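Student: With chain A's structure known, arrange chain G on it following the hints.
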Amino acid sequence: MTEHYENNEILVAKKLVKYFPINRSSLFKREWVVVKAVDGIDFALAKGECLGLVGESGSGKSTTAYMISGMYSPTGGELKFKGEDIACPAVRRQQHLKKDIQMIFQDPGSSLNPRRSINDILEMPLLVHNQIKKGESIERRVIELLEQVELPAAYRFRSPATLGGGERQMVAVARALATNPSFIVLDEPTSALDVSVQAKIINMMMRIQKQFDLTYLFITHDLSLMRNVAIRIAIMYLGKIAEIAPATDFFKTPLHPYTQMLLSSIPVVTKAEMALKPAKIRSAGEIPSPTNVPPGCSFNTRCPLKQELCFTEDPVMREIMPRHFVRCHFAEMVLTL
Amino acid sequence: MKDALLDIRNLHVEYKVYGGLLKVLNGVNFRVGFGEKVGLVGETGCGKTTAMKAVLRILPQLARIPKGEILVHGKDVLKLNAEDLSELRGAGLSMIFQDPTSALNPVFTIGQQLFDVIRYSTKEKVTDKREVALKALREARLPDAERMLDSYPVQLSGGMRQRACIAFAIATARDLLIADEPTTNLDVTIQDQVLRLIRDLVEQKGTSLILITHSLGLARETTDRVYVMYAGNMIEMASTEEVFEQPLHPYTRGLLASVPRLTGGGFAEGIPGRIPEYKQPPPGCRFHPRCQHRFEPCSKEMPPFFDMGNGHQVACYLYQNEQEGGQSD
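In order, the protein sequences belong to chains A and G.
Start counting the first sequence at 1; every next residue gets the next number (this note's numbering).
Start counting the second sequence at 1; every next residue gets the next number (this note's numbering).
Chain G with its partners taken away, still in its complex shape:
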């Protein structure tokens, strides 16, 4: 993976709150290649959304980024000025949020909002705005696009609203589409339709996709490669197939064992304990207080990624001696 569209290097993010500093991201490394579909999997509060918001520079004001680089096309997003940044957001990256109801403005029609998105993303003068907006909706395969254009968000169902958001995002996303739990509020049959739509659209346009999700099943069915995140650290990365067939990190294994299977037979007891407080995260590997396999080095220093071959990387000292050919970044 030499050419990367997005390359996050050693990213740290902290939130300054009353009575301390929340050290949320703790040296995150993350890469997305061109046209690649990457999953970012982790439980609530593990920093998935924070990491992706940092890419678009839409973190809340309390956030600080003391260390790290976010390279998009080799340019550091963190050093861009306001003008370049809005150009980057307008023309290259877009994001679909979890809750379509709060992502849409309730007092404007879908058409008005969609046209604004298109107008600010191109430099050319748009003459027939209705035609352009219709084209964008049809591209996102919305049935009855004409009626949709004149509807207010309240007049649409949850699934339709999310599809409208996808139309907004896909209209401008040339390089990268970040989908932040796009189907959490939807029913499973609608979830299936929405994800198929996202997958088809990115494949058709050659856009890269980052799917942030807590549902392991969704990651398996949508992505090529998966990052597993725990308490602000990337702990495992491999092709989707590898992660699900041969998970290595104790956390990934515990998580997978907790997923109820359609084949039945019960499931594991879950992972004891809960995600650490970010004010005083445990030293060393942040998972070690909950880990059954912990040993001496775990509490001393955060393990780096060990390369296990086949592009499978895992941040756990259990695999220190099994890794293939030296350490990687």
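Just chain A, same shape as in the assembly:
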């Protein structure tokens, strides 16, 4: 395993692209349409970081997650994990890479096998990845995993159906931890749960991250949650990253008009939060279909600041403040609003 990678960057994506061809043929006409799910995104994650990848449905955030975990292989671009190329599906990756990158899904009801006991579910990755040293008892290790996610040891005899939604998600976390990964992709892990359960799970995941020095890619649509969890935040819109910045700068000076629109739409519970919401830009329009991305800047159908340039030229990523990148021709205008 090569342990040399630049700037401590554990995962690097360069011009990452994923297109899906869709057959729209009819009796009389052959026609293939291309869905540009992810259309050239660049980002990098430092070791121990938590990057929040935020976007609406159809923005390509889950596709990005699936490429990293090896469920899809990219159509183009570069994807490197610890300096090794991972732009291929998981079956073609080496064993240590599969072990190192784990994923937690949105719905634990369907990501855990209903016919297996919790014990079986946790044993499987331990056996597949030879995680049991000689003389160590597998039962001991399963109990240890359950303890790490604060579940009682007796739960190993139960089946997923007898657990609550939150407890099931904790089992999914324990399963991900079983292989001693260094990188976990979290695909909306709490969006199916109630807030009181979400609070518990997120706090636990943050403790686990510190304890095992993990790197998280946190995919979500919940910006308020990211405010409390992520170190950096990336906003995706129609397969491209619109804005990427350290969390504190991001919330202090959101620069992309789409970010402003997202922030103004979030329902909040306190007066202090209401004061933070941008008042000038309100939500309008809908995200266009990814089969039919508008020319120029893809946000031009909804943008309140759009000008002629936006319909002809696709903006490029610009570093407007230190480490704060925005893909908008008129990001400076947002500041003067």
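Simulated from the structure, these hints should not be mistaken for laboratory data.
Quick caveat: nothing in here was measured; it's all calculated off a predicted structure.
Treat each hint with caution, since some may be false.
Stated by the list, open to error - Keeping only pairs whose Cα atoms sit at most 25 Å apart, straight-line, the calculated SDA-like set for lysine to any residue is:
# : chain 1 : residue 1 : chain 2 : residue 2
1 : A       : K252      : G       : G309
2 : A       : K210      : G       : A257
3 : A       : K36       : A       : G76
4 : A       : K252      : A       : I266
5 : A       : K252      : G       : T263
6 : A       : K271      : G       : G309
Tutor: Same frame as chain A, but now just chain G:
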């Protein structure tokens, strides 16, 4: 609050299932005034939807209502015959459901479905059905209403489908609109647009609104008054401002502390434990096994609403001695 449009009194609902009886609603009291926007907040499985389905009498067949009254305009809905009931549903109350995809019929166009809704809600003969349907869609501020009328539900996006459902509901709702988690399946920017639409429409028409939601933020931004529900009981009721600035019930406080804030700074550890089994709910206050402040009386009897002034009511024995002027219902 003397005049109430909807007055639910001591409502109990049970579900008969294999191996027992689920005692879901346990004496719910709930009132909505004329033109009022009321939020009904609670976590999954707390009985919010059951309570509202009981109002429209669309509970599943397994449900029994052993006790309680549901008064709409002073008439008990539970005692209405089929004819009066359909008149009430057609002309006064309507509901927007969580999932617009399953609320719409996939084999009819929006126009055909909308016209059916309108036809059964008025007694007058409708002559130009297309015109009436168009008017209803325009009223719900749908762009491109002409095209929408001839579209099938699959041809529309999730947000558009929900807007169509709102058009259906608002076309007939004269008195009360019940919105059951209307934006759960939508993205936040669309959620914002849909809620603004609902809010504007009810304000414009003077319709009362009940917003059922698990999102505290939505309740804060949309409603005048909020009921908090836990495991089949109303546990707190106050003006929206009061509930969010000075929550009293330990559950409400725990819930609010768990909400991630846009201002950052982390959030609480959540509430330990989980919602009780309805087959054998804990005696007394149903929250007491999870409550950090529980003491003797909590496990004996369900606390009544204590009036804390300003119309703020809370069902918790912690406030028994602080209440203002005697018990209320």
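Student: Next, verify each hint and record whether it holds.
Tutor: Hints and how they fare:
1. A threshold of 25 Å between alpha carbons decides the hint, and for A/K252 with G/G309 the separation of about 39 Å lies outside it, so the pair is violated.
2. A C-alpha spacing of about 23 Å is found between A/K210 and G/A257, which places the hinted pair at or below 25 Å, so the restraint holds.
3. Distance restraint check for A/K36 and A/G76: the Cα-Cα separation of roughly 12 Å lies within the 25 Å cut-off, and the hinted pair is therefore satisfied.
4. Pair hint A/K252 plus A/I266 holds up; C-alpha atoms about 16 Å apart against a cutoff of 25 Å.
5. Between A/K252 and G/T263 the alpha-carbon distance is near 10 Å, which keeps this suggested pair within the 25 Å criterion.
6. Between the alpha carbons of A/K271 and G/G309 the distance comes to roughly 23 Å, so the proposed pair stays at or under 25 Å and holds.
The structure fails hint 1 only (numbered hints given earlier).
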